[in-house]
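Colleague: Each chain, written out:
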Amino acid sequence: MNHFTDLPGWNAIRSQRAWLFKASKPPGDHPFGAYFTTLESGEPNLATKLRIPREKLGYVFSFKEREPTDLSPLPGGRGRFIFFSPKDYEVEEARQLRSGETNS
Amino acid sequence: MIGGKDIVFSKQTEPADRILIVQEFRKIWPNLLVQDGAAEGSLAFDDALGIVASADEFFVYRDDASFKSWSEHGALPQNDDQMVHVMVAPEEITLVVAGPASETYRMAQDAVARLDSPSGADIGQLFPLGNPTVANEPRSKDRAVSKGSRLPPREEQAA
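As you go down the protein sequences, you meet chains A and B in turn.
Going left to right, the first sequence walks through residues 1 to 104 as our numbering numbers them.
Going left to right, the second sequence walks through residues 1001 to 1159 as our numbering numbers them.
Wrong hints could be hidden among the right ones.
Ranges of calculated distance between the beta carbons of each label pair, as one might list FRET restraints [claimed, not checked]:
1. A:Ala94 x B:Ser1010: 33 to 41 Å
2. B:Arg1114 x A:Arg95: 44 to 52 Å
3. A:Glu101 x B:Arg1114: 40 to 48 Å
4. A:Glu40 x B:Pro1030: 31 to 39 Å
5. A:Asn103 x B:Gly1041: 18 to 26 Å
A few chain A positions that, by computed beta-carbon distances, are all more than 10 Å from chain B [claimed, not checked]:
6. Asn11
7. Ala18
8. Tyr35
9. Ser41
10. Glu65
11. Glu67
12. Pro68
13. Asp70
14. Gly76
15. Leu97
16. Gly100
17. Thr102
The hints are simulated quantities; they were obtained by calculation from the structure and are not laboratory data.
Since the model is a prediction, treat every value here as computed from it, not as a measurement.
No residue lacks a Cβ here, since even glycine has one placed at the ideal position from N, Cα and C.
Can you build the whole structure from these sequences, using the hints too?
Modeller: Next comes the structure, spelled out in structure tokens:
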């Protein structure tokens, strides 16, 4: 599972040993939450599929999901690749895979 | 990490649905371009019928400038209302638009209304002279499926 962000977001999240993804109200009328995607940084048209500025794809956090998953798919077609937590979402060190620049 | 408004419409889908959606958009965007979800380039409507008829995911841009802006920058306030993301599953169509007060939202609502109309998406009406890409598809009026299974569109709200 991946979370894309910009440099300020990356610095804020990685400043803690356990990554904490803050829930917020996204643009539009999507549910309040912390949002993630199974799409990788090399996915064609990634910014278009997430409908976000390309500059928000500059950094990524990748982690293992809990089993069973505690993230909900977005209703509709984008639920194949967009998931969210309705509250702040913490990823402890054992589930952290990598974080860094994406070259996007 | 997400933008747009997702309009989800439940129905038994068929290739003609995809073409109808883009035809509806073309009434407002005569110079629209279509991009396959996995492709880099875009095509004008007449050249994109194969993509539209078969792809499960594609983007419709208002014009070439919109396509270039999205390709270079992703979503921006000035281009957000110039692209619709279309995803088609066997029993569901999702249209991702800019927002509830947007032109793309109205276009999507018109397309959903057309899909939900009694005539629905009849490939014979869309292409009375035939379309090689979907020529082998039976006309929807010959089918016993789909019309009774339609549900109103859902505009996704808080989970």
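Colleague: If a hint holds in the structure, say so; if it doesn't, say that too.
Modeller: Hints, one by one, checked against the model:
As the Cβ distance of Ala94 (chain A) to Ser1010 (chain B) is approximately 40 Å, the hint placing it in 33 to 41 Å holds. In this structure the hint that Arg1114 (chain B) and Arg95 (chain A) lie 44 to 52 Å apart at CB holds, the actual value being about 46 Å. Take Glu101 (chain A) and Arg1114 (chain B): their Cβ atoms lie about 45 Å apart, and the range 40 to 48 Å holds. The beta-carbon spacing between Glu40 (chain A) and Pro1030 (chain B), approximately 36 Å, falls within the hinted interval of 31 to 39 Å.
Look at Asn103 (chain A) against Gly1041 (chain B): about 21 Å separates their beta carbons, and that is inside 18 to 26 Å. The beta carbon of Asn11 (chain A) is kept farther than 10 Å from every beta carbon of chain B, the shortest such distance being approximately 16 Å. Remark: the non-interface label on Ala18 (chain A) is consistent with the geometry, its nearest Cβ contact in chain B lying 19 Å away (cut-off 10 Å). For Tyr35 (chain A), the shortest C-beta to C-beta distance to chain B comes to about 4 Å, within the 10 Å cut-off, and the non-interface label is violated.
Distance to chain B confirms Ser41 (chain A) as a non-interface residue, since its nearest Cβ pair spans about 13 Å, more than 10 Å. With a least CB separation of 16 Å from chain B, Glu65 (chain A) remains clear of the 10 Å interface cut-off, as annotated. Listed as outside the interface, Glu67 (chain A) is consistent with that label: its C-beta sits roughly 21 Å from the nearest C-beta of chain B, beyond the 10 Å cut-off. The beta carbon of Pro68 (chain A) sits about 17 Å from the closest Cβ of chain B, which is more than 10 Å, so the claim that it is off the interface holds.
The claim that Asp70 (chain A) is not at the interface with chain B holds, since no C-beta of that chain comes within 10 Å of its own (minimum 13 Å). Interface exclusion of Gly76 (chain A) from chain B breaks down, the closest Cβ pair being 4 Å apart, not more than 10 Å. Listed as a non-interface residue, Leu97 (chain A) keeps its Cβ farther than 10 Å from every Cβ of chain B; the least gap is roughly 17 Å. For Gly100 (chain A), the condition that its CB be more than 10 Å from all CB atoms of chain B holds, with the nearest at approximately 17 Å.
The beta carbon of Thr102 (chain A) is kept farther than 10 Å from every beta carbon of chain B, the shortest such distance being approximately 13 Å.
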